[in-house]
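Q: Now for the letters of each chain:
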Amino acid sequence: DTGVSQNPRHKITKRGQNVTFRCDPISEHNRLYWYRQTLGQGPEFLTYFQNEAQLEKSRLLSDRFSAERPKGSFSTLEIQRTEQGDSAMYLCASSRFRTYPNTEAFFGQGTRLTVV
Amino acid sequence: GENVEQHPSTLSVQEGDSAVIKCTYSDSASNYFPWYKQELGKGPQLIIDIRSNVGEKKDQRIAVTLNKTAKHFSLHITETQPEDSAVYFCAASYNQAGTALIFGKGTTLSVSS
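Chain order of the listed sequences is P and E.
Letter 21 of the first sequence, counting from 1, is numbered 21 in the working numbering, and no numbers are missing.
Just add 116 to the spot in the second sequence (first one is 1) and you have the working numbering.
Just so you know, these hints were derived from the structure itself, not from any lab.
C-beta: ideal position from N, C-alpha, C; glycine also.
Just to be clear, a hint being listed does not mean it is correct.
[Claimed, not checked] Restraint ranges, calculated between C-beta atoms of paired labels, are given here:
#  : chain 1 : residue 1 : chain 2 : residue 2 : range
1  : P       : V116      : E       : Q176      : 32 to 38 angstroms
2  : P       : G16       : E       : T194      : 32 to 38 angstroms
3  : P       : V116      : E       : T126      : 26 to 32 angstroms
4  : E       : T194      : P       : E104      : 21 to 27 angstroms
5  : E       : Q176      : P       : T13       : 28 to 34 angstroms
6  : E       : E155      : P       : N30       : 24 to 30 angstroms
7  : E       : N119      : P       : T20       : 31 to 37 angstroms
8  : P       : I12       : E       : H188      : 28 to 34 angstroms
9  : P       : G16       : E       : V170      : 30 to 36 angstroms
10 : P       : R9        : E       : A186      : 21 to 27 angstroms
11 : P       : R22       : E       : A186      : 40 to 46 angstroms
12 : E       : L162      : P       : N7        : 20 to 26 angstroms
[To be verified] Using 25 angstroms as the maximum straight-line C-alpha spacing, the simulated BS3-like pairs for lysine-lysine come out as follows:
#  : chain 1 : residue 1 : chain 2 : residue 2
13 : E       : K158      : P       : K11
14 : E       : K158      : E       : K221
15 : E       : K174      : E       : K187
16 : P       : K57       : E       : K221
17 : E       : K184      : E       : K174
18 : E       : K138      : E       : K184
Make a model of the complete structure from these sequences and hints.
A: Spelled out as structure tokens, the structure:
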């Protein structure tokens, strides 16, 4: 197991274009999270899935953002009509829910998005 | 709203010295407090965590303490080494299930040899 994998590592796009990122969690991890991190700040929670169900969304997740996790395995995060303010590192994390409370979340390397 | 304050923002120590980073949180319902280390160009790496039913936890040179009454927790690194240089983030859960974390703004630790 090589950990949480995110693709692409870097993405440069023009304002107004749509972009999609992929996250492959650690195998057998049933919880998957998306965070956004801007320069000099800590990660900000966007959303999380338990298996294929999206159970919580932050108010940061505007209607231009959509995340899916078909079949409870990999996940995609799509941003439509990108804006310069969307430029950030998008981090994915996964954890294995066993008992309350939640277990440790492990992060991927992130996808750095630059909107020009 | 929920908030995590982290201090200091930068910390420089000599190799072998100890380093302490402190965080305070606002939500008394928070029950899970992880610490992450982030190196340049990489994702955050979990280094230690503590749950609300424990006051202290230690793992080799790293220890974390939690004071639920005062709503603050601290990271202690002893015998620092140059490879400890990185940005460190504290975080606190802000939902009951512990599935959503709010992070501090980070501390840049520099260990000089």
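Q: Against this structure, judge whether each hint is valid.
A: Hints, verified against the model:
1. Hint check: P:V116 to E:Q176, Cβ distance near 45 angstroms, so the stated range 32 to 38 angstroms is violated.
2. For P:G16 and E:T194, the hinted distance range of 32 to 38 angstroms is not satisfied, since their beta carbons lie about 51 angstroms from each other.
3. In this structure the supplied range 26 to 32 angstroms holds for P:V116 paired with E:T126, their Cβ-Cβ distance being about 31 angstroms.
4. Our hint of 21 to 27 angstroms for E:T194 and P:E104 holds, since their Cβ atoms are close to 22 angstroms apart.
5. For the pair E:Q176 and P:T13, the supplied restraint of 28 to 34 angstroms is violated, since their beta-carbon distance comes to about 43 angstroms.
6. Between E:E155 and P:N30 the C-beta distance comes to about 28 angstroms, which sits within the given range of 24 to 30 angstroms.
7. Between E:N119 and P:T20 the Cβ separation comes to about 32 angstroms, which falls inside the hinted range of 31 to 37 angstroms.
8. For the hinted restraint 28 to 34 angstroms between P:I12 and E:H188, the CB-CB distance of approximately 41 angstroms leaves it violated.
9. Range check, P:G16 to E:V170: Cβ separation about 49 angstroms, and the 30 to 36 angstroms hint is violated.
10. Taken as a hint, the range 21 to 27 angstroms is violated for the pair P:R9 and E:A186, whose Cβ atoms sit roughly 41 angstroms apart.
11. Between P:R22 and E:A186 the beta carbon distance is about 42 angstroms. The supplied range of 40 to 46 angstroms therefore holds.
12. Hint check: E:L162 to P:N7, Cβ distance near 22 angstroms, so the stated range 20 to 26 angstroms holds.
13. With a CA separation close to 16 angstroms, the supplied pair E:K158 and P:K11 stays within the 25 angstroms bound.
14. Note on E:K158 and E:K221: the hinted pairing holds, with a Cα-Cα distance of about 16 angstroms set against a maximum of 25 angstroms.
15. Distance check on the hinted pair: E:K174 and E:K187 sit about 19 angstroms apart at the alpha-carbon level, within 25 angstroms; holds.
16. Simply put, P:K57 and E:K221 have alpha-carbon atoms about 21 angstroms apart, close enough for the 25 angstroms limit, and the pair holds.
17. Between E:K184 and E:K174 the CA atoms are separated by roughly 18 angstroms; this keeps the pair inside 25 angstroms, and the hint holds.
18. Restraint check for E:K138 and E:K184: the C-alpha separation of about 14 angstroms stays at or below 25 angstroms, so the hint holds.
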